[in-house]
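Participant: Keeping their order, the protein sequence lines are chains Y and Z. Take 1 as the starting number for the first sequence in the working numbering and just add one per residue. Take 180 as the starting number for the second sequence in the working numbering and just add one per residue.
Here are the simulated DMTMM-like pairs of lysine to aspartate or glutamate, each with C-alpha atoms no more than 20 Å apart in a straight line:
id: 1; chain 1: Z; residue 1: LYS254; chain 2: Y; residue 2: ASP46
id: 2; chain 1: Z; residue 1: LYS260; chain 2: Y; residue 2: ASP46
id: 3; chain 1: Y; residue 1: LYS150; chain 2: Y; residue 2: GLU31
id: 4; chain 1: Y; residue 1: LYS48; chain 2: Z; residue 2: GLU257
To be clear, the hints were calculated from the coordinates, so they are not data collected in a lab.
If you want the building blocks of each chain, they are given just below.
2 protein chains.
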Amino acid sequence: MQRIAVALVAIAALAGADTSTSPASGQADGEAAPIYGVKIPAGYRDWKLIAVNQLLIPGMADQLRAQLGNDIALKAIEEGKIPFPDGAIIVAIHWTRVPSASNNSALAGPFPGAQSFVVGSRANIQLMVKDSKKYAASGGWGFGDFTDGKPASAAMHETCFPCHAPAKDRDYVFAHYAP
Amino acid sequence: MQRIAVALVAIAALAGADTSTSPASGQADGEAAPIYGVKIPAGYRDWKLIAVNQLLIPGMADQLRAQLGNDIALKAIEEGKIPFPDGAIIVAIHWTRVPSASNNSALAGPFPGAQSFVVGSRANIQLMVKDSKKYAASGGWGFGDFTDGKPASAAMHETCFPCHAPAKDRDYVFAHYAP
Chain Y
1 MQRIAVALVA
11 IAALAGADTS
21 TSPASGQADG
31 EAAPIYGVKI
41 PAGYRDWKLI
51 AVNQLLIPGM
61 ADQLRAQLGN
71 DIALKAIEEG
81 KIPFPDGAII
91 VAIHWTRVPS
101 ASNNSALAGP
111 FPGAQSFVVG
121 SRANIQLMVK
131 DSKKYAASGG
141 WGFGDFTDGK
151 PASAAMHETC
161 FPCHAPAKDR
171 DYVFAHYAP
Chain Z
180 MQRIAVALVA
190 IAALAGADTS
200 TSPASGQADG
210 EAAPIYGVKI
220 PAGYRDWKLI
230 AVNQLLIPGM
240 ADQLRAQLGN
250 DIALKAIEEG
260 KIPFPDGAII
270 VAIHWTRVPS
280 ASNNSALAGP
290 FPGAQSFVVG
300 SRANIQLMVK
310 DSKKYAASGG
320 WGFGDFTDGK
330 PASAAMHETC
340 FPCHAPAKDR
350 DYVFAHYAP
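With the rest of the complex left out, here is chain Y (with noise of 0.2 Å):
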């Protein structure tokens, strides 16, 4: 039952909307998540693209996906390093994947029956911050999961790092760096 309730709140949480900007520069700004106190990273938007992929949850999550890295975790990412340094945040940007009537309006004459599908808006980010000290007992990550800015609940926040363990071979990020 308990796992239910976590479940249903990662649920809530992917599929919620957030229709949020970055901050274009300085610090990070805004409410700090439960738990890990992260905060959304001022500037996340233009950092160096990890990989992209997509994630679909009948009926509860049809999304495309971004993950970004600050220099430290690129520069991790390039040396083969793991795991990564302190200093190094991951942040994964999640969006709703629309079908594009123009795209395939464009598309139909080349290439018949090609469907394009785009980003719409964003459903979450969800941010890994490492400081190996600070968050020993989490693998070294600080979580945060944000939707429209606003952090998700301390139970959301619980389910990250057993959800990540997985990776637990790859310093616990599931993204392999795209070629």
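Once you have looked at the hints, place chain Z on chain Y.
Facilitator: For chain Z alone, coordinates are given in the frame of chain Y:
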């Protein structure tokens, strides 16, 4: 018939495999694309993210895609400046879309039926380089399509501008900036 042949060339390029990586720094390198003379710009993999999307052409292409832009392109997007100024470059990276068994396994507990798709290998990259004088005959854009670092044929490159024509009111750029 001409149209079919052109489409087939485009499909072949879409379905091709590209395992190359971009040069880490320095000037554009490698072979120039036919017609436009466009080369792969150095360091483009570290450029800022414009958008992500997905393209499915049944039986031909199943891709996750990302569009990255150089600073000139991103500045124009941020300021809502259309047409793009000279020097703007947009690179679309096309990867095969593949299911992630490890992600699905990790997600199966909290999210039964979840399907995660990640990038596989490079299919190709496509570039748009703005030079309003040099490329006046093609909306001010020079186009390049590269698979495994090698440019596609002239016939393929003849399809670039007509294919982008439906996006004329957005200076021939299909991608919308992802929020």
